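*Asks:* For reference, the chains in residue letters:
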Amino acid sequence: MDGSVVGDASAAVRGVAPLDRASVEELSFLASGKYVPLFERSRAGVVLLPEALVGTPGSARARVVVREPYEAMLRVLPSLYPARDEPAAIHATVAIGRGARIGDGVSIGAHAVIEEGAELGDGVRVGPLCVVGRGVRVGARSQLFPGVTLYPGTTLGQRVIVHAGARVGSDGFGYVYRDGEHRKIPHVGQCIVEDDVEIGANTTIDRGSIDDTVIGAGTKIDNLVHVGHNVRLGRLCLVMAQVGISGSVRVGDGVILAGQAGIGGHLTIGDGARIAGQAGVFGDVPPGESWSGYPARPHREALRAQAALFRLSGLIGRIERLLERDTE
Amino acid sequence: MDGSVVGDASAAVRGVAPLDRASVEELSFLASGKYVPLFERSRAGVVLLPEALVGTPGSARARVVVREPYEAMLRVLPSLYPARDEPAAIHATVAIGRGARIGDGVSIGAHAVIEEGAELGDGVRVGPLCVVGRGVRVGARSQLFPGVTLYPGTTLGQRVIVHAGARVGSDGFGYVYRDGEHRKIPHVGQCIVEDDVEIGANTTIDRGSIDDTVIGAGTKIDNLVHVGHNVRLGRLCLVMAQVGISGSVRVGDGVILAGQAGIGGHLTIGDGARIAGQAGVFGDVPPGESWSGYPARPHREALRAQAALFRLSGLIGRIERLLERDTE
Amino acid sequence: MDGSVVGDASAAVRGVAPLDRASVEELSFLASGKYVPLFERSRAGVVLLPEALVGTPGSARARVVVREPYEAMLRVLPSLYPARDEPAAIHATVAIGRGARIGDGVSIGAHAVIEEGAELGDGVRVGPLCVVGRGVRVGARSQLFPGVTLYPGTTLGQRVIVHAGARVGSDGFGYVYRDGEHRKIPHVGQCIVEDDVEIGANTTIDRGSIDDTVIGAGTKIDNLVHVGHNVRLGRLCLVMAQVGISGSVRVGDGVILAGQAGIGGHLTIGDGARIAGQAGVFGDVPPGESWSGYPARPHREALRAQAALFRLSGLIGRIERLLERDTE
Chain W
12 MDGSVVGDAS
22 AAVRGVAPLD
32 RASVEELSFL
42 ASGKYVPLFE
52 RSRAGVVLLP
62 EALVGTPGSA
72 RARVVVREPY
82 EAMLRVLPSL
92 YPARDEPAAI
102 HATVAIGRGA
112 RIGDGVSIGA
122 HAVIEEGAEL
132 GDGVRVGPLC
142 VVGRGVRVGA
152 RSQLFPGVTL
162 YPGTTLGQRV
172 IVHAGARVGS
182 DGFGYVYRDG
192 EHRKIPHVGQ
202 CIVEDDVEIG
212 ANTTIDRGSI
222 DDTVIGAGTK
232 IDNLVHVGHN
242 VRLGRLCLVM
252 AQVGISGSVR
262 VGDGVILAGQ
272 AGIGGHLTIG
282 DGARIAGQAG
292 VFGDVPPGES
302 WSGYPARPHR
312 EALRAQAALF
322 RLSGLIGRIE
332 RLLERDTE
Chain U
12 MDGSVVGDAS
22 AAVRGVAPLD
32 RASVEELSFL
42 ASGKYVPLFE
52 RSRAGVVLLP
62 EALVGTPGSA
72 RARVVVREPY
82 EAMLRVLPSL
92 YPARDEPAAI
102 HATVAIGRGA
112 RIGDGVSIGA
122 HAVIEEGAEL
132 GDGVRVGPLC
142 VVGRGVRVGA
152 RSQLFPGVTL
162 YPGTTLGQRV
172 IVHAGARVGS
182 DGFGYVYRDG
192 EHRKIPHVGQ
202 CIVEDDVEIG
212 ANTTIDRGSI
222 DDTVIGAGTK
232 IDNLVHVGHN
242 VRLGRLCLVM
252 AQVGISGSVR
262 VGDGVILAGQ
272 AGIGGHLTIG
282 DGARIAGQAG
292 VFGDVPPGES
302 WSGYPARPHR
312 EALRAQAALF
322 RLSGLIGRIE
332 RLLERDTE
Chain R
12 MDGSVVGDAS
22 AAVRGVAPLD
32 RASVEELSFL
42 ASGKYVPLFE
52 RSRAGVVLLP
62 EALVGTPGSA
72 RARVVVREPY
82 EAMLRVLPSL
92 YPARDEPAAI
102 HATVAIGRGA
112 RIGDGVSIGA
122 HAVIEEGAEL
132 GDGVRVGPLC
142 VVGRGVRVGA
152 RSQLFPGVTL
162 YPGTTLGQRV
172 IVHAGARVGS
182 DGFGYVYRDG
192 EHRKIPHVGQ
202 CIVEDDVEIG
212 ANTTIDRGSI
222 DDTVIGAGTK
232 IDNLVHVGHN
242 VRLGRLCLVM
252 AQVGISGSVR
262 VGDGVILAGQ
272 AGIGGHLTIG
282 DGARIAGQAG
292 VFGDVPPGES
302 WSGYPARPHR
312 EALRAQAALF
322 RLSGLIGRIE
332 RLLERDTE
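Protein chains in written order, with the working numbering: chain W, 12 to 339; chain U, 12 to 339; chain R, 12 to 339.
Warning: the hint list may mix true and false statements.
What the hints assert, rightly or not - A few chain W residues facing chain R, derived, Cβ under 10 Å:
1. Gly26
2. Asp31
3. Ser39
4. Glu82
5. Thr104
6. Gly120
7. His174
8. Ala212
9. Leu235
10. Leu247
11. Thr279
12. Gly283
13. Ala287
14. Ser303
15. Phe321
16. Leu333
No lab work stands behind these hints, which were simulated from the structure alone. Here the structure is a predicted model, which is why all the values come from computation and not from measurement. The beta carbon of each residue, even a glycine, is placed where N, CA and C say it ideally should be.
Work out the full structure, taking the sequences as your base and the hints as a guide.
*Replies:* Here it is as structure tokens:
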């Protein structure tokens with residue numbers, strides 16, 4: 012860390028914690044004046060703080076002056092919590108199918124299932140109770156947390172992280188109504204997840220029907236998100252919890268979809284667009300725009316309409332009376 | 012296929028793909044003039060297209076003229092991708108409880124658990140890491156993908172498909188507040204899933220408290236859907252991703268609930284009704300009607316209200332000034 | 012039961028069922044006059060009913076007069092469906108890591124994984140295919156249904172119930188954008204679930220980044236709920252299906268969040284507040300208030316605005332014409 016130390020420069024810490032829970036052996040941070048009362052009572056041994064707050068009274072053995080305390084805290088985390096260097100091991104209970112190819116330094120947890128013809132790149136870590144389906148390829152250094160299912164037809168790039176219970180490559184929701192029943196459309200497309208994607212817990216991503224489902228490199232997907240069949244999600248998007256993306260939607264690069272937003276089928280969301288939490292999108296969104304509301308509109312329009320509605324609320328009676336008198 | 016062939020009638024294909032990804036050994040389709048540019052550059056060996064587009068320039072070795080190219084493509088899929096005829100096998104690691112009955116031709120994947128007294132009909136396929144609870148009955152030719160849990164009290168009909176991670180027959184959300192705590196209501200009802208139902212990945216369906224939860228024959232449920240306790244879903248419904256159906260709701264036959272729609276507790280949705288994406292339904296919906304919005308209203312009313320709101324948005328200032336001058 | 016019996020006081024029952032499905036060996040209840048037609052046709056052997064309906068014609072061998080039939084039914088359930096007294100057993104296929112501590116009377120189902128240093132209190136029941144992560148502590152008499160994952164950093168109190176497929180303590184959704192990529196923020200906080208909490212099927216609860224995520228004692232969470240990192244949920248809350256709580260939200264005690272409601276990041280919901288189904292909360296909610304709508308407002312205001320909107324809908328044309336004529 013680059014900061015200058017005020018106090019006992021030899022004070023050592025073994026972990027980080029928020030001001031109100033930190034012990035004398037822990038590092039904490041004071042990001043703004045708002046938290047001064049917590050700082051004053053804090054038992055933290057070392058505290059990161061900005062120049063302006065260095066004189067705040069408190070018992071920390073050392074204060075480290077940095078420009079951005081929270082950012083500095085994030086930078087110091089890896090050294091205090093080094094990634095566990097677990098020996099690569101394949102648990103004795105793992106079921107491995109014929110023709111599966113396992114790279115160097117691969118770990119596989121208890122009761123996992125690697126089906127026939129699957130390929131795990133070097134350094135891949137598969138958690139307990141995962142299923143890597145028939146013929147699935149998982150790129151180098153990717154990690155599956157416990158209980159993940161990768162259906163046949165799925166390919167993961169390198170350094171992909173998949174959290175517990177996510178289902179990738181499942182059949183899409185496609186039927187043709189004929190002879191009194193909903194007949195299932197076969198799904199023969201792929202589900203392609205590019206490098207550096209992260210997929211949240213219990214999220215579901217369907218594979219394509221004839222086309223493919225593609226998740227672009229560096230995109231991060233939160234928990235309980237649904238991605239329908241044939242969706243193309245661009246690069247470096249952020250898709251927050253419980254978002255639903257209907258089938259055949261095209262999402263550009265760098266798009267942010269906030270929590271519980273829903274995108275209707277076959278729509279296009281342009282590069283860099285931002286969709287607000289719970290927005291219901293029923294039309295294409297141009298690049299760079301921010302949309303909100305239900306049905307979603309450009310954010311300023313949606314705000315204006317909401318404001319007008321609440322002003323109307325107090326006036327509607329008078330408007331009705333005025334119109335009654337208006338005999339023209 | 013009934014279509015007439017233009018070009019090399021001997022051209023053979025080994026799979027299907029969209030125009031922009033198909034190789035010379037693949038079949039593709041040109042559904043409308045909109046995709047002509049893709050067709051012109053496509054490497055597809057054989058392309059299904061309508062009469063009107065048969066003369067479009069392009070390099071396909073053969074063109075097959077059909078009335079509905081996409082539909083024709085769906086019909087041809089089963090012959091190009093025959094269902095894998097996997098030998099019935101029960102993996103050595105499966106845990107089978109006392110008194111469980113396993114039909115003929117049943118497959119059970121690695122590390123699955125079949126609890127005591129469960130019954131699997133002929134031809135049932137249970138994926139790896141599934142749990143079929145105590146006394147659960149699964150009808151003939153049903154299929155469980157990996158990681159499914161069927162709680163005790165669940166019955167599946169024939170040809171039911173349950174996708175990875177779905178939980179069927181879980182305890183409903185029912186408590187009575189007494190003596191300073193939320194006391195759990197026992198759930199002694201059943202969860203009955205009729206023939207030909209499909210249940211999406213990570214979907215949850217609670218069993219009944221005293222009454223039963225019933226999913227009608229031929230109904231299809233997408234991913235991450237929630238069905239509360241005592242719900243009766245009719246036959247041949249389509250329930251799209253992330254829909255939430257509260258406890259004790261009655262849904263008729265042939266109802267469509269679009270993505271993220273929510274239905275409040277104890278309501279009735281009539282036969283053939285259609286509920287739009289993200290609609291929030293707080294009242295009964297008569298048969299055959301289309302509802303949308305939040306709170307949901309008949310679709311035309313909801314559209315009219317939305318349109319009025321956006322017209323109001325530009326007028327509210329003038330309305331306020333008019334009312335100010337209106338001294339009566 | 013305190014009720015007085017009319018009819019054959021020796022009539023015995025073996026279970027409960029709703030009026031329309033009960034057999035002569037089952038107990039049912041008639042809660043209100045609305046269900047008299049079902050009662051008249053019912054085959055139930057014994058029926059609980061209120062004084063006012065005791066004379067209704069029907070074939071039940073015995074009628075038991077009680078003040079609140081449904082409540083009485085709930086009270087009688089435990090004696091008719093006693094909790095199964097299953098012998099404590101650790102299945103031979105369970106993988107137990109070094110240093111794990113297993114209390115007295117613990118049951119662990121097939122293919123479960125108890126990682127190193129985990130601690131299971133007395134009487135804990137772990138379902139098949141669960142993962143109790145490294146160092147996780149599970150309090151006495153807690154129960155995990157099948158397929159649950161507890162990430163390292165999670166602590167469960169006593170008598171906690173976790174339903175199938177829930178993921179507790181997963182990494183939060185936190186990234187810093189730098190050098191053209193979303194860099195992952197390490198999550199070194201905890202996920203602390205206090206006594207008597209129930210967590211629904213396929214629900215996800217993230218652990219804290221630096222701070223902790225805390226679920227207060229006696230709070231009940233339904234299926235498919237998302238709780239973000241650093242959230243503090245109070246005691247005795249009810250969180251219904253598919254609710255989404257964004258990161259760092261503070262929720263007081265006794266709060267009710269109805270189905271599919273969403274709470275934006277860093278907000279505070281006061282003690283005893285009630286949030287309606289599908290409400291989208293973008294601001295703090297004071298204690299004791301009921302809010303609804305999108306964006307959410309106090310429930311009365313939201314209702315008034317909705318009513319005004321639908322009245323406006325029929326008037327907007329006339330308002331526009333009036334403003335046109337208004338030349339001032």
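*Asks:* Hint by hint, note whether the structure agrees.
*Replies:* A quick look at each hint next to the structure:
Evaluation of the glycine 26 of chain W hint against chain R yields a held restraint, the C-beta minimum of about 7 Å falling below 10 Å. Proximity of aspartate 31 of chain W to chain R holds as hinted, the smallest CB-CB distance being about 9 Å (cut-off 10 Å). A distance limit of 10 Å between C-beta atoms decides the matter here; for serine 39 of chain W the minimum to chain R is near 8 Å, and the interface restraint holds. At its closest, the beta carbon of glutamate 82 of chain W sits 7 Å from a beta carbon of chain R; the interface hint therefore holds under the 10 Å criterion.
At its closest, the beta carbon of threonine 104 of chain W sits 7 Å from a beta carbon of chain R; the interface hint therefore holds under the 10 Å criterion. Because the closest C-beta pair between glycine 120 of chain W and chain R is about 7 Å apart, less than 10 Å, the hint holds. The criterion of a C-beta within 10 Å of any C-beta in chain R is met by histidine 174 of chain W, whose closest approach is roughly 5 Å, and the hint holds. The criterion of a C-beta within 10 Å of any C-beta in chain R is met by alanine 212 of chain W, whose closest approach is roughly 4 Å, and the hint holds.
Of the supplied interface hints, the one on leucine 235 of chain W holds, with its beta-carbon coming within about 5 Å of a beta-carbon of chain R, less than 10 Å. Given the 10 Å rule on beta carbons, the hint for leucine 247 of chain W holds: about 6 Å separates it from the nearest Cβ of chain R. A least Cβ separation of about 23 Å between threonine 279 of chain W and chain R goes past the 10 Å threshold, and the interface hint is therefore violated. Taking 10 Å as the C-beta contact cut-off toward chain R, the hint placing glycine 283 of chain W at the interface is violated, the least distance being around 13 Å.
Satisfaction of the interface hint for alanine 287 of chain W is found here, the shortest Cβ-Cβ separation to chain R being roughly 9 Å, below the 10 Å cut-off. Nearest Cβ of chain R to the Cβ of serine 303 of chain W: about 9 Å, under the 10 Å cut. The hint holds. A least Cβ separation of about 6 Å between phenylalanine 321 of chain W and chain R falls short of the 10 Å threshold, and the interface hint therefore holds. For leucine 333 of chain W, the interface hint holds, since its Cβ comes within 10 Å of a Cβ in chain R; the closest pair sits about 8 Å apart.
Hints 11 and 12 from the earlier list are contradicted by this structure; the remaining hints agree with it.
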